[in-house]
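Novice: Read top to bottom, the protein sequences are chains A and B. Take 1 as the starting number for the first sequence in our numbering and just add one per residue. Take 1001 as the starting number for the second sequence in our numbering and just add one per residue.
One or more hints might be untrue.
Stated by the list, open to error - With a straight-line Cα cutoff of 30 Å, these simulated DSBU-like cross-link-like pairs (lysine-lysine) come out:
| no. | chain 1 | residue 1 | chain 2 | residue 2 |
| --- | --- | --- | --- | --- |
| 1 | A | K326 | B | K1268 |
| 2 | B | K1167 | B | K1199 |
| 3 | A | K256 | A | K240 |
| 4 | A | K33 | B | K1321 |
| 5 | A | K321 | B | K1268 |
| 6 | B | K1167 | B | K1220 |
Unchecked claim - Covered stretches of chain B, going by a simulated chain A footprint (3 or more residues, C-beta under 8 Å):
| no. | region |
| --- | --- |
| 7 | 1075-1087 |
| 8 | 1140-1148 |
Unchecked claim - Which chain B residues stay away from chain A? Per the calculated CB distances, all over 10 Å, these:
| no. | residue |
| --- | --- |
| 9 | E1030 |
| 10 | D1049 |
| 11 | A1097 |
| 12 | S1191 |
| 13 | D1207 |
| 14 | R1233 |
| 15 | A1320 |
| 16 | L1329 |
Calculated directly from the structure, the hints in this document are not laboratory data. We put the CB at the ideal spot given by N, CA and C, even for glycine.
These are the residues of each chain, in order.
Protein chains: 2
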Amino acid sequence: MQDDIQVLCIGNAIVDIFGQVEDSFLVEHERIKGSMMLVDAETSARIYDSMPPATERSGGSAGNTAAGIASFGGRAAYIGKVHEDQLGAVFRHDIRAIGVRYDTRANTEGMPTATSMILVTPDAQRTMSTFLGACGELTVDDIDENLVASAEVTYFEGYLWDRDNQKDAILKAMDIAHKHGRQVALSLSDSFCVDRFRKEFVELVHDRVDILFANEDEIKSLYQVETFEEAAREFSPYVKLAALTRSEKGSVVLAKDVCIEVPALPAKVIDTTGAGDLYAAGFLYGYTNGHSLEDCARLGSLAASEVISHLGARPEVSLAKLKAEKLGL
Amino acid sequence: MQDDIQVLCIGNAIVDIFGQVEDSFLVEHERIKGSMMLVDAETSARIYDSMPPATERSGGSAGNTAAGIASFGGRAAYIGKVHEDQLGAVFRHDIRAIGVRYDTRANTEGMPTATSMILVTPDAQRTMSTFLGACGELTVDDIDENLVASAEVTYFEGYLWDRDNQKDAILKAMDIAHKHGRQVALSLSDSFCVDRFRKEFVELVHDRVDILFANEDEIKSLYQVETFEEAAREFSPYVKLAALTRSEKGSVVLAKDVCIEVPALPAKVIDTTGAGDLYAAGFLYGYTNGHSLEDCARLGSLAASEVISHLGARPEVSLAKLKAEKLGL
């Protein structure tokens, strides 16, 4: 059906707070460069108090992916929880404005909309301190069965494993998707996240996930090995379809008896936030539009190269236009 | 005294919502390019609904000026009203983080923190639709007599004339400043604002204001004349000190028997929001640090050239550093 959703993304609905800092700021506040750490309201307030003047933009890993797919012209939907407050309104506005279907009920009680303080260092790396807020209140009741059943791919973030109620919501979504012959995609999110849930993630990746997205650190962490090649070898007996990203080394697409290496696109790197999310957007847009696996990876690289060329984790130009100009697709 | 405030800025405390649009968007929503229009909550919501994905950054004309002065290393304070909500926290954080003293009590009842939707067109012009919210609730009680008395210059926006209680607050601040031998500076804000309050502004400018900031359109509107030269002639019998900005033509500083023309600095113009506010910041920083009037204008041009080179109305780099590098001051 023309109007069916191609990709449903489920994740933490977050408004990002970007600030440019020196490396010493990370040391002072005991942040690990490149990581995402969950913080409570008090720690969040403490870091915010010493942050420089900031810029607020909608974010959230799977939200960025949904925005990217919509920017390519794909039909994307999103499930994630905000509070009925000002930042919740910002999140809702931005994701709808780019063309994503987003109907998750906002909470009127409980925690405020989630924020992630994203500290961007002079090397363009981002270090995130996330206050989960309302996101943590996502439950199985937020999973719209008809929406999941109608989406070609249901994609979710590994970050959701941090709360049992969120995990239950995802497990329900996976069951519905598979019951309707749909596919399930997972992003491992972060090597520290993999570290927290390694056993469960290995089971998921081997048995239940149809399309895996991971970067080099994440897949190495999953199998606790030293090199990308070892990780790929460990994973190969189980692979259905996977896109493994390696920053400036490009990406590797694995499928049964298939291994395609695709180079990264050159970009002046300003802020790496959203690179993996937008890679997944390009890949899934290509995948659900019948492109070759190589072109899926090229679309992923294209979207990633756009998002790292500016501050913020969502595209600033039409990816549909960029795709035509740069790839002729 | 070393710790006394050099410039106290009083204005509408606003969080800006930036979106890039085509000219047709302005036509559809009946906006006048380059202007600031006040909108009610319903109109604000209607425009926001059709706005593209946006970026939120602290703004407000006099707030931008205070931030600029602090970025130069000057001692600035700010008075303006926010609500005790998420955007109020954003405003408070950003202005304090750049080094401005800001102690105005946030409201816990009444309207939410003000927002201004800033539509940036491909020609880099900005068109603002402002929902005044909590700003409109500034009263004489918010004017800290000791702070005004201790500040070398008290600077305020013409925009405050839109509400009687705000106007009363400013009239009180002017009286206190003058009683203590301090100076009062005014920015005319916007030619439509001048149009709304011409008679009162003429009286202010002629009789009560020590330092006037205006752009070409504003000073022409004040005297209802066709050319900049005519406006300058009308104004000359009354001038104490004025800096009149003319976009790419630079600025003209007028004082008794003094007329200094200073060129604009070259810049790749991305977004003109904040140009006038930052010009005033540079000028007042220079003025309260004993620089020559010509250098005051050069400092103004420098700050304006920085802020128009990116999206957003506050400096993204240290103006103190830029001043040393570019002007050797």
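Novice: Run every hint past the structure and note whether it holds.
Specialist: Do the hints match the structure? See the list:
For the hint pairing K326 (chain A) with K1268 (chain B), the CA-to-CA distance comes to about 25 Å; that is within 30 Å, so the pair holds. For the hint pairing K1167 (chain B) with K1199 (chain B), the CA-to-CA distance comes to about 14 Å; that is within 30 Å, so the pair holds. The hinted pair formed by K256 (chain A) and K240 (chain A) meets the criterion: a straight-line CA distance of about 6 Å does not exceed 30 Å. Between K33 (chain A) and K1321 (chain B), the direct Cα distance comes to roughly 27 Å. Compliance with the 30 Å bound is thereby established for this hinted pair.
Between the alpha carbons of K321 (chain A) and K1268 (chain B) the distance comes to roughly 24 Å, so the proposed pair stays at or under 30 Å and holds. Annotation: proposed proximity of K1167 (chain B) to K1220 (chain B) holds, straight-line Cα distance about 23 Å (limit 30 Å). Note: the region 1075-1087 of chain B has 3 residues with beta-carbon separation from chain A under 8 Å; the three-residue rule is met and the coverage holds. Proximity of the region 1140-1148 of chain B to chain A, defined as three or more residues with a beta carbon under 8 Å from a beta carbon of that chain, is not established by the 0 residues found.
With a closest Cβ-Cβ approach of about 20 Å to chain A, E1030 (chain B) is found to remain outside the 10 Å limit, as its non-interface label requires. A Cβ of chain A approaches the Cβ of D1049 (chain B) within 10 Å, the least distance being about 7 Å, so the stated non-interface status is violated. The beta carbon of A1097 (chain B) is not kept farther than 10 Å from every beta carbon of chain A, the shortest such distance being approximately 5 Å. For S1191 (chain B), the condition that its CB be more than 10 Å from all CB atoms of chain A holds, with the nearest at approximately 29 Å.
Every beta carbon of chain A lies more than 10 Å from that of D1207 (chain B), the smallest distance being close to 37 Å; the non-interface claim holds. Separation of R1233 (chain B) from chain A is adequate, the least Cβ-Cβ distance of about 41 Å exceeding the 10 Å criterion. With a minimum CB-CB distance of about 14 Å to chain A, A1320 (chain B) clears the 10 Å threshold, and the non-interface call stands. Non-interface call for L1329 (chain B) relative to chain A: holds, since the shortest CB-CB distance, roughly 23 Å, exceeds 10 Å.
In summary, the numbered hints that this structure violates are 8, 10, 11.
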